[in-house]
Amino acid sequence: MRHTITLLVDNESGVLSRIAGLFSARGFNIESLNVGETLDPETSRITLVTTGDDFIIQQIIKRFNNMVNVIKVSDLTDEVRVEREMVLVRMDARDETRAEILRTADIFRAKVVDVGPKSYTLELTGDKDKITAFIELLHPMGIKELARTGTVAMKRESKLTKNKGEEK
Amino acid sequence: MARMIGAEMFFETLIHEGVEVVFGLPGGYVLKVYDVMPRYSDRIRHVLARHEQAATHMADGYARASGKPGVVLCTSGPAATNTVTGIATAQMDSSPVVVFTGQVPLPYLGSDAFQEADHIGITRPCTKHNYLVRRTKDLPRAIKEAFYIASTGRPSPVLVDMPKDVLIGEDEFVIPDEINLRGYKPPKKGHPGQIKRAVDMILAAKRPLIFGGGGLLWSGASEELKELVHRLQIPVTLTLMGLGAFPADDPLFISMLGMHGSYAANMAVHDCDLVISIGARFDDRATGGNFAKFAPNAKIIHIDIDPATIDKNIVVHCPIVGDAKEVLRQMLEMLPAKVKTNRKEWMGQIKEWEKKHPLAYKQEGDKILTTYVIDTLSKITDGEAIIVSDVGQHQMWVAQWYRFKYPRTWITSGGLGTMGFGFPAAMGAKFARPDKMVVCVCGDGSFQMNMQELATAVENKMDIKIILLNNGHHGMVRQWQTMFYNCNYSASKFDVLPDFVKLAESFGAIGLKARRPEDLEATLREGLSTEGVVLMEIFVDCEELVYPMIAPGGAMNEMILGPGDAVSGMVAEAADMA
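As given, the protein sequences belong to chains V and E, one line each in that order.
Per our numbering, the first sequence starts with residue 1, numbered consecutively.
Per our numbering, the second sequence starts with residue 169, numbered consecutively.
These are computed hints drawn from the structure, not numbers from a lab.
Computed from a predicted model, the values in this text were never measured in an experiment.
A virtual CB, placed ideally from N, CA and C, is assigned to each residue, including glycine.
Keep in mind that a hint or two might mislead.
Claimed, not checked - If you want the footprint, here are the derived chain E segments under chain V, 3+ residues with CB under 8 Å:
1) 289-297
2) 346-358
3) 567-574
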């Protein structure tokens, strides 16, 4: 099963490699990973997405909790949450596709962040499905380069929204 | 507040932490530490080991015998990588060892400098935590935290990497009063609700069984265990790591369980209706490794300080995360003043199993059996010695035949199964407990892995006994080849072995030999009563096998009890399971 795990950790060298080490020791792959400083510059937030046996992921989470540098761990998988990714796409923008690229960007509410004589660079934020759909539509028009972030996630304050993480 | 250099801060902080002995070996990047060391030699003793792996086992043995962290000091690169086997050994058996390594100066980190290795990266998976100290003034805090982390919660090794410029740099020396680690809050007391549930389960059980492990020893919970067991009349079996936590001469003790556990203990685990596991982790060597067939009729209570052990191998009904001593105290408080128990049937059944297949040997013929050696050693020392073993057949026979009376009198590498552990760990134990007789029981194979430490033992004028059981083979390898590999004795026989008595004498130790059964007792008595480093080389029968044996992957009631009792299907499967 796919799991979204968020960790609050000490913002110091080596922490990420401790976290990653637990996955490699089990032969697990990390699908996406995002690290950034929090309001407190001494801590970082790691959001990690992985797929694997639930039982083993529970074991890994317990081991995270045992780590001296890990302050808090939550598995958001069963929580009502917001998940977002960001993607930067540089498009091959020739005369015949320039308009269509902008139209697609507009539909997805993507931003044009760089323009060149033969290219557009687009920025889009959304959940995994939205980003994937956007890329699929752009693909036939010629993607020159693509950079995609990992997922960042946060538990929703209100539990009224039932469609877990399906927000668009 | 005083100004001093990092190397001085190192010793000042160690003294502050109550460290009395450091096991180490000098080299390039820690030379400043060794340079200032003579000024502290009245307060901290340095034991010069001949190999860093052995130094780490010494610190480990010291920790296991005393309950206090053992300390290692060495340089970078090969010295640090040499400690890795020792660190991994300590980690698997939850022993608090703090390793200090020298490191290249900070500006050279990652430049493939002479004797540089990534100590932090290499030891990350086998330590509870590790530190690369970047500023001289951070050294006291890092050391203090290292000791705190190593010795609290589930004890484990911690490494502190000290670059040379940090050691020679000067700063104000301040030891922080408090430790505040936001991500590290080791549990102490168990959850009262869970403990209440456990107590109800225990009171309702008809065939309860205590399954005790090494956690009982680290927690110092033996007295609480005795009280609980005696009040409720529950039989006790212990894992290899737990031996000594409950006295072997108590009528409620039913010996060790597991791959080479007694028939009665393994049958009791299989048949009981409640397993009360305390400080054990359901290792495959303790459970037979067939987790699906483990205690099929039982509910399981699992008391452990490490939440990550809960549900790891076996899914349990009532987990309690906490320190064993604290949890047992909480349980005792919750018990009704008078508990009526009827264990007649259950204990009767266990006694029957004990009678049916007792641990037994028959010393006849002209070859000495190892079981006879250990039984005799147990009788002579009467459980008063600290026994440190190496790894292999002899280790299992000590576990079966030595009747341990007290906690911390049995030291062995259980989890990692590190050959070469025994002798240096025995030395560490002797430094921790100079008042006790310390006996290292080892094989010819394992002793050869760290025999250079004879020099260290003689140099320190130690009073330590080595019983070297020479069967000319890697005995346990040979046993597996006999049982699971059609007697194909590939690479398990030694064509050349040193004369161990002469070897001992060349180091200035005393050597004794016994070849015939009738000489054994006299040799042991002479060796054990002679002061100094005494090696007793006992020639034993290589044909003797350890029984009972659960083939790997087998259930606990499926034991091979003796030659000719091989369970055909199981054996083929077993070889694959390893």
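Tell me, which hint numbers fail for this structure?
3
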